[in-house]
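Enquirer: Take a look at the letters that make up each chain.
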Amino acid sequence: MIQAGVIGVGQTKYDAKRRDVSMGGLVREAIDNAMLAADIEWDAIDAVILGKAPDMFEGVVMPELYLADAIGAVGKPVLRVHTAGSVGGSTGVIAATHVCSGQFKTVLTVTFEKQSESNATWALSPRYPYSPHINAGAGGYFAPFIREYIRRYDAPEHIGWKVAVKDRLNALKNPLAHLHIPGIDEKMVSDTPMLWEPLRYLESCPSSDGACAMVITSKDLVGSRDVAWIKGMAVRSEGTLSAGRDEVNPQAGIDCAKDIYDQAGITNPYKEIDCAEIYVPFSWYEPMWLENLGFCGLGEGWKLTDKDATAIDGEMPFNMSGGVMSSNPIGASGMIRFGEAALQVMGKANDHQVEDAKVAMGHAYGGAAQFFAMWIVSSSLD
Amino acid sequence: MSEEEKKDYAESPINLEYHYTAGSATTRFLNQVKEGKIVGQSCPKCSAVYVPPRGSCPRCGVATNIEVPLTDKGCIESFTIVHIPIPGNPIVPPYVCAMIRLDGANISFLHLIQGIDVEEIRIGMRIQAVWKPKDEWTHSLENIKWFTPIDEPDVDVATLRFQES
Numbered sequence: 000m001i002q003a004g005v006i007g008v009g010q011t012k013y014d015a016k017r018r019d020v021s022m023g024g025l026v027r028e029a030i031d032n033a034m035l036a037a038d039i040e041w042d043a044i045d046a047v048i049l050g051k052a053p054d055m056f057e058g059v060v061m062p063e064l065y066l067a068d069a070i071g072a073v074g075k076p077v078l079r080v081h082t083a084g085s086v087g088g089s090t091g092v093i094a095a096t097h098v099c100s101g102q103f104k105t106v107l108t109v110t111f112e113k114q115s116e117s118n119a120t121w122a123l124s125p126r127y128p129y130s131p132h133i134n135a136g137a138g139g140y141f142a143p144f145i146r147e148y149i150r151r152y153d154a155p156e157h158i159g160w161k162v163a164v165k166d167r168l169n170a171l172k173n174p175l176a177h178l179h180i181p182g183i184d185e186k187m188v189s190d191t192p193m194l195w196e197p198l199r200y201l202e203s204c205p206s207s208d209g210a211c212a213m214v215i216t217s218k219d220l221v222g223s224r225d226v227a228w229i230k231g232m233a234v235r236s237e238g239t240l241s242a243g244r245d246e247v248n249p250q251a252g253i254d255c256a257k258d259i260y261d262q263a264g265i266t267n268p269y270k271e272i273d274c275a276e277i278y279v280p281f282s283w284y285e286p287m288w289l290e291n292l293g294f295c296g297l298g299e300g301w302k303l304t305d306k307d308a309t310a311i312d313g314e315m316p317f318n319m320s321g322g323v324m325s326s327n328p329i330g331a332s333g334m335i336r337f338g339e340a341a342l343q344v345m346g347k348a349n350d351h352q353v354e355d356a357k358v359a360m361g362h363a364y365g366g367a368a369q370f371f372a373m374w375i376v377s378s379s380l381d
Numbered sequence: 000m001s002e003e004e005k006k007d008y009a010e011s012p013i014n015l016e017y018h019y020t021a022g023s024a025t026t027r028f029l030n031q032v033k034e035g036k037i038v039g040q041s042c043p044k045c046s047a048v049y050v051p052p053r054g055s056c057p058r059c060g061v062a063t064n065i066e067v068p069l070t071d072k073g074c075i076e077s078f079t080i081v082h083i084p085i086p087g088n089p090i091v092p093p094y095v096c097a098m099i100r101l102d103g104a105n106i107s108f109l110h111l112i113q114g115i116d117v118e119e120i121r122i123g124m125r126i127q128a129v130w131k132p133k134d135e136w137t138h139s140l141e142n143i144k145w146f147t148p149i150d151e152p153d154v155d156v157a158t159l160r161f162q163e164s
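Protein sequence lines correspond, in order, to chains A and B. Residues in the first sequence are numbered consecutively from 0, following numbering that gives the first Met the number 0. Residues in the second sequence are numbered consecutively from 0, following numbering that gives the first Met the number 0.
Don't read these hints as lab results, they were simulated from the structure. From a predicted model like this one, the values you see are computed outputs, not experimental measurements. Positions of the beta carbon are idealized from the N, C-alpha and C atoms, including for glycine. Treat the hints loosely; a few may be bogus.
[To be verified] Where chain A lies over chain B, by a calculated footprint (3+ residues, C-beta under 8 Å):
1. 14-28
2. 35-49
3. 72-79
4. 83-96
5. 100-112
6. 137-150
[Said to hold, decoys possible] Restraint ranges, calculated between C-beta atoms of paired labels, are given here:
7. 73(A) / 9(B): 26 to 32 Å
8. 23(B) / 271(A): 46 to 52 Å
9. 116(B) / 379(A): 58 to 64 Å
10. 190(A) / 9(B): 36 to 42 Å
11. 156(A) / 68(B): 39 to 45 Å
12. 271(A) / 114(B): 21 to 27 Å
13. 116(B) / 302(A): 45 to 51 Å
14. 302(A) / 68(B): 42 to 48 Å
15. 9(B) / 347(A): 35 to 41 Å
Construct all of the structure, not just a fragment, from the sequences and the given hints.
Expert: So this is what it looks like as structure tokens:
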């Protein structure tokens with residue numbers, strides 16, 4: 000059993016351009032909020048684990064060195080994690096693993112992206128040697144998988160609009176969210192321009208600046224603090240160009256979810272998990288992940304979305320904070336999912352709190368949907 | 000300087016130049032592409048055929064040392080229509096970017112579809128490569144201008160999934 004818990008979650012305000020802070024100022028804003036929430040001093044931090052997406056996104060190579068002062072890592076062990084868009088999740092898992100090792104009692108972990116300092120779509124669409132230059136960013140890569148999902152299960156097009164609306168209505172309850180779109184409805188979404196067919200503008204995540212930090216400590220140091228106990232955690236990856244791979248329903252996602260459910264003693268995730276923060280950067284990934292993560296059978300995900308099961312007051316709330324669809328500082332987006340899951344079971348999610356949430360799931364994916372990181376947190380250790 | 004003109008940031012474009020070493024598997028593949036031929040590579044253990052080959056089978060972790068000549072015909076495994084300009088990318092939208100599955104191959108690669116009204120493009124549609132003139136051929140899949148539909152019955156893409164025999 001994992002004998003560690005999250006005692007502090009800190010986030011920045013997410014926005015298109017946080018020109019009021021440097022990269023260092025951005026990460027420190029999240030760290031200060033996490034340290035305050037954890038009620039802990041710097042000398043208690045044994046190691047710092049930093050995660051972010053490709054260095055090309057800001058053009059600063061190995062930023063964990065440049066940021067050593069801002070993240071309080073001077074004179075302490077520091078580790079950089081990078082697993083594309085899933086990095087926020089895998090950084091959380093690696094930080095918790097440090098605590099579980101017994102070599103570190105309390106670990107600070109922080110993830111960030113300052114997308115305004117470059118252009119992620121440019122960075123994700125390079126000219127590869129000996130190939131036609133046709134890459135079109137993350138949306139261009141995932142849109143064919145989404146089209147195949149829609150074809151395979153004959154899903155109606157309003158499902159994508161529905162997720163886009165639901166997540167943005169949740170974001171109105173979260174003052175930190177980047178996108179606040181009062182009055183958003185399915186017509187507004189379906190009237191926005193097509194970007195990567197079948198994905199429209201408002202069915203896609205924004206580009207955000209932001210950071211998220213967590214303080215994770217061992218059981219004996221929790222004391223009387225509020226805590227989200229880590230009941231299961233895992234990472235998985237699979238070969239992007241492997242024969243037999245199903246991009247719509249990746250085996251690595253299935254295996255990663257099964258691993259954390261087994262660790263947490265969960266046999267029926269739909270019934271036993273109270274709410275989940277799942278990495279949905281494009282609307283259709285909600286029904287796709289509902290199926291991949293075992294919340295329902297294949298082809299049933301879009302039906303759950305259609306009957307509002309994933310609404311904040313539904314049977315299986317997804318992305319109460321507004322999700323990646325409302326705030327997307329890429330490197331931090333996975334940790335926001337992990338941190339928001341922790342806030343739910345600590346009862347600290349304020350206006351987007353799910354009533355009586357005791358067991359929550361955090362999830363992140365990245366790359367070409369070949370990297371996965373997940374955890375289950377609970378209000379009780381037993 | 001007026002308040003409006005004050006900038007609290009500076010634009011500083013960066014460049015990164017690098018040398019790319021193709022490696023033996025890609026070199027073998029590209030030498031054939033230069034001659035207008037597509038030659039995949041197969042895994043000696045599970046028999047999966049990779050095109051373009053990367054030199055090893057991610058399933059089995061062994062070198063794909065068996066050359067497998069393929070045709071330039073296949074089907075559309077899935078696709079998207081890109082409607083927005085991509086920074087640094089020369090192609091003018093809208094354009095169709097498709098996962099191309101060549102006959103006999105067990106993975107797909109991205110390439111363009113042209114020669115058809117975009118509204119008529121379907122998953123499973125049969126397609127064939129349209130090559131540039133021979134005197135323009137280089138060591139690149141850009142030797143293929145795009146793929147275009149051919150008059151053959153659609154393929155059920157569920158049958159494309161690789162199963163180890």
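Enquirer: Please check whether residue 23(B) and residue 271(A) have a Cβ separation lying inside 46 to 52 Å.
Expert: holds (51 Å)
Enquirer: Count the residues of the segment 83-96 of chain B with a beta-carbon closer than 8 Å to any beta-carbon of chain A: does the count reach three?
Expert: holds (count 9)
Enquirer: Is the gap between the beta carbons of residue 271(A) and residue 114(B) within 21 to 27 Å?
Expert: Given about 53 Å between the Cβ atoms, the range is violated.
Enquirer: Is the distance from the Cβ of residue 156(A) to the Cβ of residue 68(B) consistent with 39 to 45 Å?
Expert: holds (41 Å)
Enquirer: Holds or violated: 45 to 51 Å for the Cβ distance of residue 116(B) and residue 302(A)?
Expert: Given a distance of about 33 Å, which is not inside 45 to 51 Å, the answer is violated.
Enquirer: How does the segment 100-112 of chain B fare against chain A when you require at least three residues with a CB closer than 8 Å, holds or violated?
Expert: holds (count 5)
Enquirer: Taking beta carbons only, do three or more residues of the segment 14-28 of chain B come closer than 8 Å to chain A?
Expert: Our answer is that it holds, as 3 residues pass the Cβ test (under 8 Å) against chain A, meeting three.
Enquirer: Has the hinted range 42 to 48 Å been met by the Cβ atoms of residue 302(A) and residue 68(B)?
Expert: Cβ of residue 302(A) to Cβ of residue 68(B): about 45 Å, so the range 42 to 48 Å holds.
Enquirer: Examine the segment 35-49 of chain B for residues whose CB is less than 8 Å from any CB of chain A, and state whether their number is three or more.
Expert: Our answer is that it holds, as 5 residues pass the Cβ test (under 8 Å) against chain A, meeting three.
Enquirer: Please check whether the segment 72-79 of chain B has three or more residues whose CB lies within less than 8 Å of a CB on chain A.
Expert: holds (count 4)
Enquirer: Is it true that residue 190(A) and residue 9(B) lie within 36 to 42 Å of each other by Cβ?
Expert: With a Cβ separation near 38 Å, residue 190(A) and residue 9(B) satisfy 36 to 42 Å, so the hint holds.
Enquirer: Lying within 26 to 32 Å: is that true of the beta-carbon distance residue 73(A) to residue 9(B)?
Expert: holds (27 Å)
Violated hints for the displayed structure, listed by number in ascending order: 12 and 13.
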